[in-house]
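Number of protein chains: 2
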Amino acid sequence: MQIQIKRALLSVSDKTAIVQIAEVLLQYGCEIISTGGTGALLESSGIKFTRIEEITGNPECFGGRVKTISFNVAGGLLFDRDKDSAEAEKLGIQPIDMVVCNLYPFNTFREAGAELETLIENIDIGGVTLIRAAAKNFKHVSVVTDPALYPQIIDELEQSRGKISYETRFCLMREAFNHTADYDSGIALAMDEKHGIDSVRLHFTEGTPLRYGENPHQKAWVYKKSENNAVLRGYRSLQGKELSYNNLVDISSAIECLKNQSRPSCVIVKHNNPCGFASASSIKEALNLAWESDPISAFGSIIAVNRSVDLATAEFFNFENPDRTKRKFVEVIIAPSFDNEAIQILSSSKNLRLIEHFFGKSTRGLEYRIIDGIMLSQERDEELSKGLDLKTNEPLDDVSEDLIAFGIAAARQIKSNAIAVVRKTETGALQLLGMGAGQPNRLESTHLALSRCRSNLYREASEKNLCCEDHFRFEMRKALLVSDAFFPFPDSIEECAISGIKNIIQPGGSLRDSEVIQMCNKLKLAMAFSGIRHFKH
Amino acid sequence: MQIQIKRALLSVSDKTAIVQIAEVLLQYGCEIISTGGTGALLESSGIKFTRIEEITGNPECFGGRVKTISFNVAGGLLFDRDKDSAEAEKLGIQPIDMVVCNLYPFNTFREAGAELETLIENIDIGGVTLIRAAAKNFKHVSVVTDPALYPQIIDELEQSRGKISYETRFCLMREAFNHTADYDSGIALAMDEKHGIDSVRLHFTEGTPLRYGENPHQKAWVYKKSENNAVLRGYRSLQGKELSYNNLVDISSAIECLKNQSRPSCVIVKHNNPCGFASASSIKEALNLAWESDPISAFGSIIAVNRSVDLATAEFFNFENPDRTKRKFVEVIIAPSFDNEAIQILSSSKNLRLIEHFFGKSTRGLEYRIIDGIMLSQERDEELSKGLDLKTNEPLDDVSEDLIAFGIAAARQIKSNAIAVVRKTETGALQLLGMGAGQPNRLESTHLALSRCRSNLYREASEKNLCCEDHFRFEMRKALLVSDAFFPFPDSIEECAISGIKNIIQPGGSLRDSEVIQMCNKLKLAMAFSGIRHFKH
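These protein sequence lines map, in sequence, to chains U and E. Per the numbering used here, residue 89 is the first one in the first sequence, and the count goes up by one each step. Per the numbering used here, residue 89 is the first one in the second sequence, and the count goes up by one each step.
Misleading hints may appear alongside valid ones.
Because identical chains share one entry, a pair is satisfied inside a single copy or across any pair of copies.
[As the list claims (entries may be wrong)] In silico DSSO-like cross-links for lysine-lysine, where the CA-CA straight-line distance does not exceed 27 Å:
hint: 1; residue 1: Lys313; residue 2: Lys282
hint: 2; residue 1: Lys512; residue 2: Lys94
hint: 3; residue 1: Lys227; residue 2: Lys282
hint: 4; residue 1: Lys552; residue 2: Lys171
hint: 5; residue 1: Lys227; residue 2: Lys479
hint: 6; residue 1: Lys178; residue 2: Lys416
What the hints contain is simulated information worked out from the structure, not anything from laboratory work.
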């Protein structure tokens, strides 16, 4: 049911566009009631209004602490027009049909680190009472808490000659209670903080069901949070099924992996680990090299690149090859944009999800992890290295700074214990040559990474008609092995030497660092400490 | 500064112990003001009070929607005693020094799934105004929002002959704003829901800094959430350094792993994967078997058991062995309790954390995962299996139901791709014999699990002076291999056969299921489908 706004109370802290809304209300015969500062502004704009004191029967007092709170205003907002009209009339209470109110900017002062005294003065009491009373009685009353809503309200008033619909009143009520919940949350957090108690209140909304969670028998939902530094907030799906729970988790890892790469780069993520990763002179080259990091695991993966996907890149997947076994099936491709010719080719794989996403720079801030009954929060793992400190007689040779940064970026994103072996190709591209992930001991991860290198380099050699073992030895000597955390024993170093690795970077910090360094010296390996551990569980 | 409570306003929805607090206030000469239902109860208990109407000058009206909201009450709560006293006197406003108020039980109705009409009627307006006004003026006013606080307040009133201190008023104010924030959060969520919008508001408090996060360069904090089904909420540290970020993550996994085990069981977690797991007739036996699942990775692990740690179990770690290399160093032992003799022995390892924790049954409910800009929530992965569906000519033989449940529980807790090989020992104990975790393809995880089995069984054979390969073959034939998700290709099956595995369980669901089953039949392996995938990323 539409309700004609016959009397409206305007009392705002943020005075944006308040004159406009008043003018529209007046146009449809509404009486305007207003308070101190808001009234002064209306007056200077030549708008006629009733002073709040005429309604309350009391002066504004106590430095503005009491302006609107009164029996008459509360009654005018709260009485049920269907049941209480006679009672209201007897009490001389006239209905108020609309409240336009926003609150003292408590959070602005809080964020500025204001003193307790200032914070307390900026807690709005009367405004919150107006908003909540009007919202409770939304069946009859409209409550507008945000200047961003004025255009919509003005529009509706103009369309319906001064009336507001039930649907709008319901939405306004919902906004109002979200507003007061957020407002008091801010106050509660500030007062906790002043008392030395560290609290966190998180608000997520617009939940939509996912097809399922990590597994088909688990229901799941995804929610949005309106945070400035959010990476996954804005993406656009160009084609394919909706993103799944596991897609979203993997995409987040993929974006993390790419965030420090300035050259055209590609990462291939499977089960939340980057199994392919490369940085090159073009996306096509980067994709090709990343795929070669682990061509078996790349099937069914999610792929992220930090440049537009062009025709040449799209053709890599062989989707138009009549022999289905030649097609490279992946679940998701995510990129800042896709060229039209690329989309045309990729659209032949109907289930493939194409996602456009803005690849920003490194994100700062905290990350949260909720596990049974507690929440952990921590700073993001941003700093790659403290600068290298060579520990061995042998120097790191043939190891460029960009390769070092690339190798550490890879190891950082691989689940612990993480080992990444990276190389620079003849064309100057950087490539993950093999990785070991998620093992309960470091030796096992080293084995995995080295054995992946071997199979990749043997395959490469046979494609080039080279001697496999020679090629393997030659490339391993130029490569760099990066460990996400210290080597607890010298055993992994022996494995590195057996596979022909010459250059190793690790953070250091073990009780047995000296044994590990001794082993490097004995086997003529070069090892530098980076000083920064990169566990990721 | 202490403030004498000369006038108190009591208006409560939950009337628990309201008479007691009124009696104490009266005893120190306080005037009591009260409203409808609260007043009726005081009257029947013979307590003298002033009716709210005498203060407001207005009747309670509109079916109770307007009782306390008035210029006089708001003024009496809000005026600054240091600056506004003359103004208050001129206006005839008398100070109110305390508000005892709790709110209509909105959330009770919400949880009961009440209709919009009922929800709206249970939104408290006057009470929230009283509480917020009193809280804002906490420099002069005390506000009590929770009957649980009465004993403390009564105590302080009695100690100080009717006065309340600044510190208490501050704490009460902090409680009050947390209360109204929670209250309006509940309303906002309910109204979002009625509008078809799914929102989540999470509140964590009592944040304490951890030494650091996943890595030393990341600051980190841990927060509590007062949820009923929280697993990690209550634990007691008996000795050792504080739990680290990674300890907490690992402990949560360990508890999850144990939750379905009714027999004495032990799990050993490293980098968030169970590398050892056993269920036996005693904790000592379970620990011993779990350690043998991967004796290399067990060093520096966290260990959880579901029975009290006794002397025999404590002695397992050899902490009193003068040869330090014989001592089994672990980071954390977590158990429902520790016998005194056990503590005495374990305390010789000073950095070892001993944690007492209640091991509840399976937890239900949702789990949350916050990744950049979005939050994912999903039901927990609780259901182990839909019942087995044999797919091969060969039956599963020598495979008991408890072994099946144990094997699936292990695979569920291992990071994907997960392979778990489990066996039943001669004594009837269940043991994880080898696991493959966190690999980007299933064949690699199968390799890891089988190679761990081989090294464990060879070691066992040599300790028992048995032929290594014979023992390996014999045990593998009795063992059960469990995969957390389907086999995408028959290659892993061939690997199983090569290592002598006879029995396999997997959820099924691949396009190539028939090829995989064919391979089993060809190699005379038995395979059953469980119907439930257990990805964990």
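Right, here's what the structure says about each hint:
1. Lys313 with Lys282: So Lys313 and Lys282 pass the 27 Å test inside a copy (26 Å) and across (20 Å) alike.
2. Lys512 with Lys94: neither (74 Å within a copy, 80 Å between copies)
3. Lys227 with Lys282: Intra 39 Å, inter 14 Å, cutoff 27 Å: inter-copy only.
4. Lys552 with Lys171: Classified as neither: same-chain Cα gap 89 Å, cross-chain 89 Å, threshold 27 Å.
5. Lys227 with Lys479: Cα proximity of Lys227 and Lys479: none, with 75 Å in one copy and 62 Å across.
6. Lys178 with Lys416: Answer is neither: 79 Å inside a copy and 84 Å across each miss the 27 Å cutoff.
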